[in-house]
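J.: Sequence:
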Amino acid sequence: MTNGTKPVRVVAVTQSDPFFTARFFEAFLEERSSDRLDLVEIVLLRNFNESKPALVRRLFQLYGPVDFMRLLGRYVTAAVSDRVGRPRSVEAIAARYGVPVVRLSTINDASYLRTLTARGVDVLLSVAAPEIFRRPALTAVPHVLNVHSGKLPLYRGMMPTFWALQNGDARVVVTVHEMVERLDAGRLIAEFPVDVAVADSAFAVAERAKMVAGREVARLLAAIGTPHWPEPRPIPATREQYHGFPTRRDARRLQASGRRLL
Numbered sequence: 002m003t004n005g006t007k008p009v010r011v012v013a014v015t016q017s018d019p020f021f022t023a024r025f026f027e028a029f030l031e032e033r034s035s036d037r038l039d040l041v042e043i044v045l046l047r048n049f050n051e052s053k054p055a056l057v058r059r060l061f062q063l064y065g066p067v068d069f070m071r072l073l074g075r076y077v078t079a080a081v082s083d084r085v086g087r088p089r090s091v092e093a094i095a096a097r098y099g100v101p102v103v104r105l106s107t108i109n110d111a112s113y114l115r116t117l118t119a120r121g122v123d124v125l126l127s128v129a130a131p132e133i134f135r136r137p138a139l140t141a142v143p144h145v146l147n148v149h150s151g152k153l154p155l156y157r158g159m160m161p162t163f164w165a166l167q168n169g170d171a172r173v174v175v176t177v178h179e180m181v182e183r184l185d186a187g188r189l190i191a192e193f194p195v196d197v198a199v200a201d202s203a204f205a206v207a208e209r210a211k212m213v214a215g216r217e218v219a220r221l222l223a224a225i226g227t228p229h230w231p232e233p234r235p236i237p238a239t240r241e242q243y244h245g246f247p248t249r250r251d252a253r254r255l256q257a258s259g260r261r262l263l
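At position 251 of the sequence shown the residue is numbered 252 (the working numbering), and the sequence of numbers has no breaks.
Derived by calculation from the structure, the hints in this document are not laboratory data. Quantities reported herein were computed from a predicted structural model and do not represent experimental measurements. One should not assume that every hint holds.
What the hints assert, rightly or not - Label-pair restraints from in silico Cβ distances:
#, residue 1, residue 2, range
1, Q256, R120, 40 to 50 Å
2, Q256, A111, 43 to 53 Å
3, S202, G86, 20 to 30 Å
4, R250, P143, 42 to 52 Å
5, A257, P101, 37 to 47 Å
6, R120, D196, 37 to 47 Å
7, S258, R71, 18 to 28 Å
8, R71, F246, 34 to 44 Å
9, A55, Q256, 20 to 30 Å
10, K7, G169, 39 to 49 Å
11, L105, S258, 31 to 41 Å
As the list claims (entries may be wrong) - In silico EDC-like cross-links for lysine to aspartate or glutamate, where the CA-CA straight-line distance does not exceed 16 Å:
#, residue 1, residue 2
12, K7, D39
13, K152, E132
14, K53, D110
15, K152, E241
16, K152, E192
17, K152, E92
18, K152, E179
19, K7, D36
For each residue, glycine too, the CB sits at the ideal point set by N, CA and C.
Turn these sequences into a full structure, and let the hints steer you where they fit.
T.: As structure tokens, this is what we get:
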């Protein structure tokens, strides 16, 4: 809590995804104590900051025809679940908990950022937000944090769980760090390990990482303004790598190692 009596007020910035980010918010809202943590609203940006046709092409190229159709089946199942009262999407999960959802074209909207200060928001939280936060966004509230499903600086960039599996890691690490204009480069707040089983698919690992993140981040943010809030520390000065979105060739290499995509 910010002053010992008021709940920490959080605005989360993410994208509409029924698979991974939805699992984060499901775990986050289940774990959240409403008297200590207030999720003011969820801001939805465009998925991967690109058009739907471009996103479909990107996913088809990654998964190939067979797994892409399986992924599409999961998407349809999630959409049907939303309609019959079993929330799977970010929007439906937010509605179940009474959390408003706002759609923006950019988080760097000056008029929107001014409302955060006016409403006394304490934390701007990026959860797979598909956009770089510029300086006005980074200074709009006291804490601007990112939840990253990879150990830093080794797995900067996109789909860190995929690249950790590609490297044969026995676990992945969820990192919470301060945001700066450089991608995945701010000071570390906390790390949470997520074990990986031999039989886990890449999809299952990414999903589990988001669930662990949601639960642990809810606990972490409730400590803001208390002696339990961690002291930020620099990212280790070790070998860093920036990873882009994996290609079909990368996917085949992962499959050749015995790991399934789905």
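J.: For each hint, tell me whether it holds in the structure or not.
T.: We went through each hint and held it up to the structure:
no.: 1; hint: Q256 to R120: 40 to 50 Å; in the structure: 47 Å, holds
no.: 2; hint: Q256 to A111: 43 to 53 Å; in the structure: 45 Å, holds
no.: 3; hint: S202 to G86: 20 to 30 Å; in the structure: 28 Å, holds
no.: 4; hint: R250 to P143: 42 to 52 Å; in the structure: 44 Å, holds
no.: 5; hint: A257 to P101: 37 to 47 Å; in the structure: 45 Å, holds
no.: 6; hint: R120 to D196: 37 to 47 Å; in the structure: 39 Å, holds
no.: 7; hint: S258 to R71: 18 to 28 Å; in the structure: 20 Å, holds
no.: 8; hint: R71 to F246: 34 to 44 Å; in the structure: 19 Å, violated
no.: 9; hint: A55 to Q256: 20 to 30 Å; in the structure: 24 Å, holds
no.: 10; hint: K7 to G169: 39 to 49 Å; in the structure: 46 Å, holds
no.: 11; hint: L105 to S258: 31 to 41 Å; in the structure: 39 Å, holds
no.: 12; hint: K7 to D39; in the structure: 9 Å, holds
no.: 13; hint: K152 to E132; in the structure: 20 Å, violated
no.: 14; hint: K53 to D110; in the structure: 22 Å, violated
no.: 15; hint: K152 to E241; in the structure: 10 Å, holds
no.: 16; hint: K152 to E192; in the structure: 8 Å, holds
no.: 17; hint: K152 to E92; in the structure: 28 Å, violated
no.: 18; hint: K152 to E179; in the structure: 14 Å, holds
no.: 19; hint: K7 to D36; in the structure: 8 Å, holds
The structure is inconsistent with the numbered hints 8, 13, 14 and 17, although it conforms to all the rest.
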